[in-house]
Amino acid sequence: MGKSSKDKRDLYYRKAKEEGWRARSAFKLLQLNEQFELFKGVKRVVDLCAAPGSWSQVLSREIFKDENNSDAKIVAVDLQPMSPIDHVTTLQADITHPKTLEKILDIFEGGKADFVCSDGAPDVTGLHDLDEYIQAQLILSALQLATCVLKEGGAFVAKIFRGRDIDLLYSQLGLLFDKVICAKPRSSRGTSLESFIVCLGYKPRAGWNPKLNPNLSTEEFFQEMKIGRPELHDDLSFDAEERKVAPFIACGDLATSYDSDATYTLEKDLQRTSLDPVQMPTAPPYKKALELKRKGELKIIK
Amino acid sequence: MTQDTLEKQQQLHSLAHLGPICALKCLNNELILAGDGPVLKIYNYSTSQLVFQRQIFARNKIHEICLSNKNPSNNDDPILAIFGGRSLSIVKLSALKSSSTPIKELFAGDWIMATEFSHDKKELYCLTAHNNVTIIDLTSMKLKEVLNCNWKSILYSGSIRVLSDDKILVCAGTVMDGVLIWDLKSREVVHHLTAHEGSIFGVKASENGKYLLSCSDDRSIKVWDLQDGGRLVANGWGHGARIWFLDFYGFTKDGGFHVFSASEDCTTRIWRFDVGNENLNQLSIMNCHTGRNIWSGCVNDELKLGFTGGADGKLKVYDLNEQGRQGYLNEKWSLKQIGEAADVAFAKDEIIKEYFDLGNGFVGISSLGKVLVCQKFVQWKFLFEDSRYTTFSLVRGFENQRIAAISNKEGNITLLKFDADCNLVHKNELKVDSLSRVNNLITLYNEGRYFFILESPNPNDFLLLKEIDNNLTVINEFKFVKPKEKVVIASFNINSKLENIIIGCRFGIVLMYDLSGHDNTAAIEPSLCHKKYIKGDTITSIKTLSKKDQTYLLTMKDSGYYVIQISSLPDLIVLEDNKIQKGFVDGGFYSPDADLILYGFKSDYFFIWNETQQFEIMRKICGGPHRQWSLAHHYEGSNLRYRFIFTRSSDIELVQNGKFSHPDVLATGLHGREIRDMSVVATKNPTKKLLITGSEDTTIKVSTLTNDGNAKLHWSQRQHGSGTIPVEVVN
Ligand SMILES: C[S@@+](CC[C@H](N)C(=O)[O-])C[C@H]1O[C@@H](n2cnc3c(N)ncnc32)[C@H](O)[C@@H]1O
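Sequence lines, in order, name chains Z and C. Counting in UniProt numbering, the first sequence runs from 1 upward without gaps. Counting in UniProt numbering, the second sequence runs from 1 upward without gaps.
By construction, these hints were calculated from the structure, which means they are not laboratory data. There's no promise every hint is true.
Derived lysine-lysine pairs resembling DSBU-like cross-links, with alpha carbons at most 30 Å apart [to be verified]:
1) Z/Lys226 <-> C/Lys144
2) Z/Lys99 <-> C/Lys144
3) C/Lys659 <-> C/Lys689
Short derived list, chain Z residues pointing at chain C, Cβ under 8 Å [stated by the list, open to error]:
4) Pro98
5) Gln137
6) Asn215
7) Thr218
8) Asp235
Idealized CB from N, CA, C, for every residue including glycine.
I would like the entire structure built from these sequences, with the hints used as guidance.
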């Protein structure tokens, strides 16, 4: 992420830099907490798709602010490597892989978690249907872990992009939680389709004890759970889909939070300092391609 | 809502889909299947006709089409497996074509990444997004079983290669764990290839199962030898963004092969793999799509044709065997080779300075005044030596007319005429005394007449226009007074009735002289000298568009072009002004189908570009613009034949394309980015409407919309600064 003019004007970006968060995303979690009191009594957390780690930072500061935290635990997982954060166990892995979920459960040593969150977003390809599918799979993987590790009454938060298949997901989540709300923090840009699904009060499905089986894919796991995921039938027919729309809430206290799309006059002392991107880019996979190009080595051979 | 309007509403039905082409497959040597959104289209790629279209899925896009027979003959009835997202349809070609047969949408358990028919064609394998293979029995159309290799993370890409009844390779591209190759029958992972960085976007095994091609977020193409333990054998670097399509073709006896690739960077590339070479060598780059992404491709190995489908909805055809086509030439001569071939001794530091393409060879002059001809573009011959042309000389000529003119500073002009075999048959000498110095000679052939203009750097000198006949004799002369502004001329055009002449200069200055009523002796004052209408650098060419309306096309060095009208002197009306995407424009012309073709230089290459349909016709790396070069072209039917000659560090190189008997484009497409606004205008023709679209790519496009719902692009207007363009029809 470079210093585009948008970043320079974005107050959340400056605030993140000032307050020491690795990414402006921190405010999204903070604002969600303001609205839903997500952190109340929370000690054991799984932060999925966590790099560069600002949510983990927020959680770490919150959970480890008092001394009485002997059984507290934060596990952060991402495809990308993450630099260490106090009190956070990091794991570099693909959350769609059932074996990754197994590893996370191992870290919890059979214990339960109070809160599972996922701020996951795939690298968009531009093929909208594929991007939506992968996004939905990230949510499902997070949900799969949540059903296995959350204590009764625990909370689950995941990033969603409003798209074709989302109302379907609401119906499915409704079967697992007391309350399902779609929330858009003020710090999330209005121009992006991003919002967060906040699920409160986990209630395990009656008569079904979710157990992670690394040999089952996420889809197969949910087929057994009967929450309305499409099933594979002998005659290959399509299932009819049930849809339901979740209530929508914009959160972040209107009086004190900034609208991330608006342009604000900068407070005086902030104006002079030029800030580096808060989210230091980790080496992109195409780093070598850029290097070769710079050296002029990408030539036609004839 | 009244019953009436309700009925009307129900009568609305969708005609066609114009959008990203995400799937392509050659049906045979004539027909290609294209997935345009949820609609399957069939084009004849010999005639470029759209022969069939039918919507397959309710809303899912078609992502791939798989055939039970490769290259079926006319009486075969292959089965098609068509899929996109979670939808799958399995239909016989005959059933697809009969509109009374409904097409069933099936579900194979998950999002589908790839399908392939079993060796005996009785089963269909579907690789799904969590690395399961769903096997469908095609006789009963029932689920047979679901197999996996015990690794069920999400895939970003995949393919299946059936080698025999019981040897089936499943190739799976993961998010962060590289490529997995597993054996369907044993369900064992046979190779786990981890040299890529990032998510894998493409994997494909060769037909014999020896090689595997893959690409990932790291933008490289990798070649693996699956019969040598899955060893990484070559890397191909070059694409500037993610690669969405890869395939093998052109295997040679020595084990090497070609790769055809297409990318988010909107280029298509050809690569060569040679056994033992760890570089996958890039042979050519083609830039034929606009907007973002080329989504799909396919190769016809037998005819050596490539196809790509883009986010812009364009379906482009490529010649994958340019070198093998009849008439193709690629020659390169060093001065030493020319000297030996023509049996002349060149002095040290002597170079061939200027040359002109005669159509059947080219004539050149050395820095010491040696005149040579390269007959048929292969055989060099020494003609004569003329010391008057030492140090400064210009060689010009008349396009495709076999007449050339050589000039020096002192106004000594030698005219040369060649026969059909490129032998010199006539020579004439002229001496121009009225100019203090000759530093510019510009020629024009127009409807059987030969004109040239001579220019001196002295503002008080006249511009001289001369006309010669077929026997190289001067038959007409005019003198023009230069305007008050300092001008340097670069191009001109003259109407054949000799009424007026229009001259293009540097800094966008347009000059015009009225010739009617003037005899050859009096000096003519300019009737028009405009520099405010045309903005930009040198006017590199002037082409007549309509003689009746006096409209002209001007190409501008700095990547713009104008259409102007000069009907009521002394005014000039700018009808159009536009810019191409990039590069310098050195000239342009119209194709027989009225497509605007522009050519020029961009960074280190020369290009020919179809501006109307927005694609690159040729690209030749030559080191950039500052060099001696020549472009000759003509049309054979609607096929452009070109010859580009250029000098690079004293070597002369020539490329001439061969006969290509296929159309370049099957569907022109639109933007390739989100369309923000559009407007449809009726025309005089009841079957055609004008479609005007504005997009987030900041261009406005004008296309014709036919009654079957398809569009053909005509014009792309650039130059708008901001993202959104409201389109409103003014008249
Ligand atoms: C918006 S960022 C998360 C920012 C983070 N919440 C913070 O505050 O720093 C989204 C992350 O999702 C991760 N991601 C995407 N797909 C993933 C997968 N399959 N497994 C694990 N992480 C994934 C990406 O690597 C990326 O770091």
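Tested hints:
Proposed proximity of lysine 226 of chain Z and lysine 144 of chain C is supported: the alpha carbons are some 23 Å apart, at most 30 Å. Our distance criterion of 30 Å between C-alpha atoms is met by lysine 99 of chain Z and lysine 144 of chain C, whose separation comes to about 27 Å. A threshold of 30 Å between alpha carbons decides the hint, and for lysine 659 of chain C with lysine 689 of chain C the separation of about 34 Å lies outside it, so the pair is violated. The beta carbon of proline 98 of chain Z is positioned within 8 Å of a beta carbon in chain C (closest approach about 6 Å), and the interface hint is therefore held.
Using the Cβ-Cβ criterion of 8 Å, the hint placing glutamine 137 of chain Z at the interface with chain C is satisfied: the shortest such distance is roughly 5 Å. A least Cβ separation of about 6 Å between asparagine 215 of chain Z and chain C falls short of the 8 Å threshold, and the interface hint therefore holds. The interface hint given for threonine 218 of chain Z holds, since its Cβ lies 7 Å from the closest Cβ of chain C, which is under the 8 Å cut-off. With a least beta-carbon distance of about 6 Å to chain C, the hint placing aspartate 235 of chain Z at the interface is held under the 8 Å criterion.
The structure fails to meet hint 3 from the earlier list, while all remaining hints are met.
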